[in-house]
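A.B. asks: Chain by chain, the residues:
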Amino acid sequence: MQVLWIITSVGFLFVLIMLINRRLLREQYSMLWLLFGVVMLILSVRVQIIDALADAAGIDYAPALLFLVGILFCVALILHLTVIVSKLSEKVIRLTQELGILHHELHERKRSDS
Amino acid sequence: MNAVISKMDGTVSGESLLQGGTFSKILIIIPAYNEEHSISHVIHDVKTHCPSAHILVINDGSKDRTQEVAEANGAAVITLPTNLGIGGAMQTGYRYAHRYGYDVAVQVDGDGQHKAEQLHLILSPVLSGKADLAIGSRFIEQTGFLSSATRRVGIKILSTIVSAMTRKRVLDVTSGFRAANKRAIAVFQSDYATDYPEVDSIVLIHRSGLRTSEVAVVMEARTGGTSSINAMRSVYYMIKVTLALFIRSLKATKPVEVQP
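As they're listed, the protein sequences go chains A and B. Here full-length UniProt numbering is used: the first residue of the first sequence is 1, the next is one more, and so on. Here full-length UniProt numbering is used: the first residue of the second sequence is 1, the next is one more, and so on.
No lab work stands behind these hints, which were simulated from the structure alone. None of these values were measured; they are calculated from a predicted model. Virtual Cβ for every residue (Gly too), placed ideally from N, Cα, C.
From the structure, some residues in chain B lie toward chain A, with a derived Cβ separation under 8 Å: (1) I78; (2) L80; (3) T82; (4) G88.
Whole structure, please, built from the sequences with the hints as guidance.
C.D. replies: Encoded structure:
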């Protein structure tokens, strides 16, 4: 079973590196995902870490800790992405408005020239 | 009133626009989305009653011939490459007004429900310095086209919330017939809601330390096109606008330095 986790982690890292290689991921996000992939690999190689952490946190069922951390990570990531989408739409609106105004100015200039 | 008149735009005339011996540069912003049937009427109406003002049609990514019709009728047209919604379109106009130093920017909807013969009503509180944003209101004298009963209930609810938030009674909070002076233009060019901006912008003006004034006007039923708010969207509109008002109160707002 552990072999499966290791293969999954390595596969995940492989996909990541491929995406970075093809420039489909910006650095700031590739860092985050690389970190995530490495943690996944470490945990699949040394499963005891989770047991030790769960023990330290007073959680009887060790996988629950994994789920908790996973869900929290997802929520944080989605929030982060929403912030990014907000910024992007703000920028798109600004650019659209600027483009409209510039286009108008160009049109006016051309008309006064001729 | 910081009224200027440049050589290029030296065609300002008309009794109602003459305040204290100085002329003001006025920009009439007409946001239009698929309004090819009503836009020419609106442009002519404004030209007849306010010949000195500059007319700027913001063609918000229309799929019809709005741009051609507006240009053929002698209006300046800014065409947005994509549809931004009424707020994004109006903000384009405010940014233009800000950039070219207009003293007053007036919103007149492209669907023909605002009458240009009443422009002087919303211009006068702004030109005289009584208010930074003048809002044309259907509900002060309760005449003309007042919208459906259900919509009036919705507007009443929003009016109550806005009045409580601003500690000033505003009746027609959804009215798009409004005039903004330089200070209000400066606020709007940097911060204006994209979807349903009218209600939100009243609260924004107050939070920026500026004043609104509501004046009685008469509106007409729209002459063409379809309203951006249909029955299906009304509930969504109410929820969204109400939430936006509360979110607005969470946003940090920098007061505008009030000086002429």
